[in-house]
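Chemist: The chain contents come next:
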Amino acid sequence: MEVPILKQGAFLIATFQAALSDADLNLLRMGLVQQVVRFRSSAVIVDVTAMDVMDSFASRTLREIAHMIRLRGAETVIVGIQPEVAFAMVQLGLTLEGVATALDLEEGLAYLNEKFKSTN
Amino acid sequence: MSAEEVQVAINSDQDIVSARQKGRQMATELGFSSGDATLIATAISELARNIVSYATKGQITLKMVNGLSRQGISVIATDDGPGIPDIRQALRDGFSTSGSLGLGLPGVRRLMDEFEIASQPGRGTRVAVKKWRQ
Numbered sequence: 001m002e003v004p005i006l007k008q009g010a011f012l013i014a015t016f017q018a019a020l021s022d023a024d025l026n027l028l029r030m031g032l033v034q035q036v037v038r039f040r041s042s043a044v045i046v047d048v049t050a051m052d053v054m055d056s057f058a059s060r061t062l063r064e065i066a067h068m069i070r071l072r073g074a075e076t077v078i079v080g081i082q083p084e085v086a087f088a089m090v091q092l093g094l095t096l097e098g099v100a101t102a103l104d105l106e107e108g109l110a111y112l113n114e115k116f117k118s119t120n
Numbered sequence: 001m002s003a004e005e006v007q008v009a010i011n012s013d014q015d016i017v018s019a020r021q022k023g024r025q026m027a028t029e030l031g032f033s034s035g036d037a038t039l040i041a042t043a044i045s046e047l048a049r050n051i052v053s054y055a056t057k058g059q060i061t062l063k064m065v066n067g068l069s070r071q072g073i074s075v076i077a078t079d080d081g082p083g084i085p086d087i088r089q090a091l092r093d094g095f096s097t098s099g100s101l102g103l104g105l106p107g108v109r110r111l112m113d114e115f116e117i118a119s120q121p122g123r124g125t126r127v128a129v130k131k132w133r134q
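Chain order of the listed sequences is A and B. Quick note on numbering: the first sequence equals residues 1 to 120 in my numbering. Quick note on numbering: the second sequence equals residues 1 to 134 in my numbering.
Calculated directly from the structure, the hints in this document are not laboratory data. Nothing here was measured: the structure is a model prediction, and the numbers come from that model. We put the beta carbon where it would ideally sit given N, CA and C, even for glycine. It is possible that part of the hints are untrue.
What the hints assert, rightly or not - Covered, in the sense of this in silico footprint (three residues per stretch, anywhere, with C-beta under 8 Å from a C-beta of chain A), are these stretches of chain B:
1. 35–41
2. 45–54
To be verified - Residues on chain B that point at chain A, a partial pick, calculated with CB under 8 Å:
3. GLN14
4. GLN21
5. LEU68
6. GLY107
7. ARG110
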């Protein structure tokens with residue numbers, strides 16, 4: 001399943017779909033990191049609004065994506081975790097420690113714009 | 001008309017997705033709230049993941065169950081894999097033998113209302129969980 005990655009200035013926006021398999025997530029992880037290198041992006045927004053289940057593999061993959069992108073010197077923000085999904089993640093004991101999150105795409109962009117404005 | 005029992009063969013990571021989708025669909029048909037359907041789908045995802053990670057293949061059976069005054073959903077995950085040598089250890093938080101894949105069983109137990117596990121080394125594992133409609 002193809003995950004659209006949109007280039008928005010210095011940022012990349014990846015929109016996750018509901019039915020991503022492990023193989024899809026692995027491909028996406030590689031794809032995102034490659035795009036960050038290619039476009040010299042300063043940040044990536046991963047929009048998970050459509051994801052109806054975030055299990056241990058998906059949340060580990062998101063953590064890994066954020067860490068790999070940080071090693072490239074860029075920032076990751078996960079946006080749009082649904083309230084029900086957040087509740088299930090907490091019950092399951094999953095955390096996204098050390099990864100920035102925001103309510104939705106708009107908040108994520110606002111966070112990054114603020115952050116990169118103050119450092120430029 | 002909704003099916004009362006659905007079986008999903010688990011042979012690959014793609015089957016994890018279809019098992020949890022079928023579970024959410026059945027839970028919704030049974031009148032579970034969308035929040036509870038998410039908990040059920042997440043538990044199914046973890047149980048199916050354990051099958052793929054530890055046993056390679058197995059099966060998930062979803063069933064409607066009737067209690068005394070309530071309805072619920074039963075999810076049974078079975079495999080003929082290597083089994084779990086120490087179930088008590090596997091039920092402790094943070095325990096996982098395939099790297100960091102799956103916090104596994106303690107989390108699934110918290111997501112559902114009832115939890116039963118039987119496993120024999122070399123013979124396989126059966127995890128049966130239930131959630132009742134509020």
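Chemist: Just to be careful: measuring from the Cβ of B/ARG110 to every Cβ in chain A, is the smallest value less than 8 Å?
Modeler: Status holds, d = 5 Å.
Chemist: Taking beta carbons only, do three or more residues of the region 35–41 of chain B come closer than 8 Å to chain A?
Modeler: holds (count 4)
Chemist: Tell me if the interface restraint on B/LEU68 is satisfied: Cβ within less than 8 Å of some Cβ in chain A.
Modeler: violated (26 Å)
Chemist: Have a go at the B/GLN14 hint: is there a Cβ in chain A nearer than 8 Å to its own Cβ?
Modeler: With a closest approach of 5 Å, the B/GLN14 hint holds.
Chemist: Quick check on B/GLY107 please, does its C-beta sit within 8 Å of some C-beta on chain A?
Modeler: Check passed: Cβ of B/GLY107 comes within 4 Å of chain A, closer than 8 Å.
Chemist: Against chain A, run the beta carbon of B/GLN21 and see if the smallest gap drops under 8 Å.
Modeler: Hint on B/GLN21: holds, closest Cβ of chain A at ~7 Å, below 8 Å.
Chemist: Are 3 or more residues of the region 45–54 of chain B near chain A, judged by a Cβ distance of less than 8 Å?
Modeler: holds (count 3)
The structure fails hint 5 only (numbered hints given earlier).
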